[in-house]
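All chains, full assembly: derive it from the sequences and hints.
Line by line, the protein sequences give chains A and B.
Numbering-wise (the numbering used here), the first sequence opens with residue 342 and increments by one.
Numbering-wise (the numbering used here), the second sequence opens with residue 808 and increments by one.
I should point out that these hints are in silico values taken from the structure, not numbers from a laboratory.
Hints may contain errors.
What the hints assert, rightly or not - The calculated EDC-like cross-link candidates involving lysine to aspartate or glutamate, where the alpha carbons are at most 20 Å apart (straight line), are:
id, chain 1, residue 1, chain 2, residue 2
1, B, Lys818, A, Glu382
2, A, Lys392, B, Glu851
3, A, Lys392, B, Glu863
4, A, Lys441, B, Glu863
5, B, Lys818, B, Glu885
6, B, Lys864, A, Glu436
7, A, Lys441, B, Glu890
8, B, Lys878, B, Glu863
9, A, Lys392, B, Asp906
10, A, Lys392, A, Glu356
11, A, Lys441, B, Glu908
12, A, Lys441, A, Asp412
13, A, Lys392, B, Glu859
14, B, Lys864, A, Asp440
15, A, Lys441, B, Asp906
16, B, Lys878, B, Glu859
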Amino acid sequence: GQQLNQSPQSMFIQEGEDVSMNCTSSSIFNTWLWYKQDPGEGPVLLIALYKAGELTSNGRLTAQFGITRKDSFLNISASIPSDVGIYFCAGQGGETSYDKVIFGPGTSLSVIP
Amino acid sequence: DTGVSQNPRHKITKRGQNVTFRCDPISEHNRLYWYRQTLGQGPEFLTYFQNEAQLEKSRLLSDRFSAERPKGSFSTLEIQRTEQGDSAMYLCASSLGVDNEQFFGPGTRLTVL
Chain A
342 GQQLNQSPQS MFIQEGEDVS MNCTSSSIFN TWLWYKQDPG EGPVLLIALY KAGELTSNGR
402 LTAQFGITRK DSFLNISASI PSDVGIYFCA GQGGETSYDK VIFGPGTSLS VIP
Chain B
808 DTGVSQNPRH KITKRGQNVT FRCDPISEHN RLYWYRQTLG QGPEFLTYFQ NEAQLEKSRL
868 LSDRFSAERP KGSFSTLEIQ RTEQGDSAMY LCASSLGVDN EQFFGPGTRL TVL
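Encoded structure:
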């Protein structure tokens with residue numbers, strides 16, 4: 342089945358720094374999604390990308406849908422303590438069931454004040 | 808608050824016992840999804856419903872697992888004869904149609920001793 346890889350696995354950064362994380366897939370998706378999960382909570386959708394090459398921003402977050410449809414990145418600018426959490430990329434559609442969302446293993450972000 | 812709710816939030820059981828979890832989706836959402844999440848991993852799709860119809864089941868969903876959504880509103884996930892490998896966070900999500908965001912509940916954390 343389709344698998345997603347995320348890098349880095351974890352990050353420790355100073356408050357105010359910019360962050361960049363990546364997601365790659367073994368096969369194509371029609372939609373890329375980025376979620377954030379806080380401890381003890383379910384994931385919350387941050388950004389959704391629907392077209393290859395699409396670049397979308399949501400406040401300090403920017404994400405891009407790779408041209409090959411097999412990768413995506415998420416950037417966070419000027420990090421703040423509340424950015425701490427686990428960031429998951431996810432793909433939907435493509436070679437899987439249209440409705441099923443496939444999640445990556447996550448990138449754990451720690452922000453040092 | 809009219810978000811997705813799950814009960815119980817935590818469940819500790821002995822191996823071999825049966826457990827049942829409940830998910831109440833956002834009221835107008837016709838799609839309901841179940842995921843399993845183990846430590847250090849992203850959520851893995853288990854099954855989903857459109858209204859009361861169960862449309863897809865993952866190979867992860869062994870015959871000890873059964874999910875229902877009898878009236879197209881709340882859903883239950885039952886695990887029979889629990890095993891230690893069933894220990895995980897069980898997440899429920901709902902959406903209004905296939906193209907719309909899946910909203911996640913806080914999850915039920917199952918520990919099988």
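Do the hints match the structure? See the list:
1. Between lysine 818(B) and glutamate 382(A), the direct Cα distance comes to roughly 16 Å. Compliance with the 20 Å bound is thereby established for this hinted pair.
2. A distance of roughly 24 Å separates the Cα atoms of lysine 392(A) and glutamate 851(B); the hinted pair therefore is violated under the 20 Å criterion.
3. Only pairs whose Cα atoms come within 20 Å are accepted, and lysine 392(A) paired with glutamate 863(B) is rejected, the gap being roughly 26 Å.
4. With a C-alpha separation of about 9 Å, the suggested pairing of lysine 441(A) with glutamate 863(B) holds against the 20 Å cut-off.
5. Between lysine 818(B) and glutamate 885(B) the CA atoms are separated by roughly 12 Å; this keeps the pair inside 20 Å, and the hint holds.
6. For the suggested pair lysine 864(B) and glutamate 436(A), the alpha carbons sit about 16 Å apart, so the restraint of at most 20 Å is met.
7. Proximity of lysine 441(A) to glutamate 890(B) is assessed by CA-CA distance (about 26 Å); at most 20 Å being required, the pair is judged violated.
8. Between lysine 878(B) and glutamate 863(B), the direct Cα distance comes to roughly 18 Å. Compliance with the 20 Å bound is thereby established for this hinted pair.
9. Distance hint between lysine 392(A) and aspartate 906(B) is fulfilled; the C-alpha atoms sit about 14 Å from each other, no more than 20 Å.
10. At most 20 Å may separate the alpha-carbon atoms for a hinted pair to count; lysine 392(A) and glutamate 356(A) exceed this at roughly 32 Å.
11. Of the supplied pair hints, the one linking lysine 441(A) and glutamate 908(B) holds, its CA atoms being roughly 12 Å apart against a limit of 20 Å.
12. Taking the CA atoms of lysine 441(A) and aspartate 412(A), the gap is near 18 Å; set against the 20 Å cutoff, the hint holds.
13. Of the supplied pair hints, the one linking lysine 392(A) and glutamate 859(B) is violated, its CA atoms being roughly 32 Å apart against a limit of 20 Å.
14. A threshold of 20 Å between alpha carbons decides the hint, and for lysine 864(B) with aspartate 440(A) the separation of about 12 Å falls inside it, so the pair holds.
15. As the CA atoms of lysine 441(A) and aspartate 906(B) are separated by approximately 11 Å, the hinted pair is consistent with the 20 Å bound.
16. Distance check on the hinted pair: lysine 878(B) and glutamate 859(B) sit about 6 Å apart at the alpha-carbon level, within 20 Å; holds.
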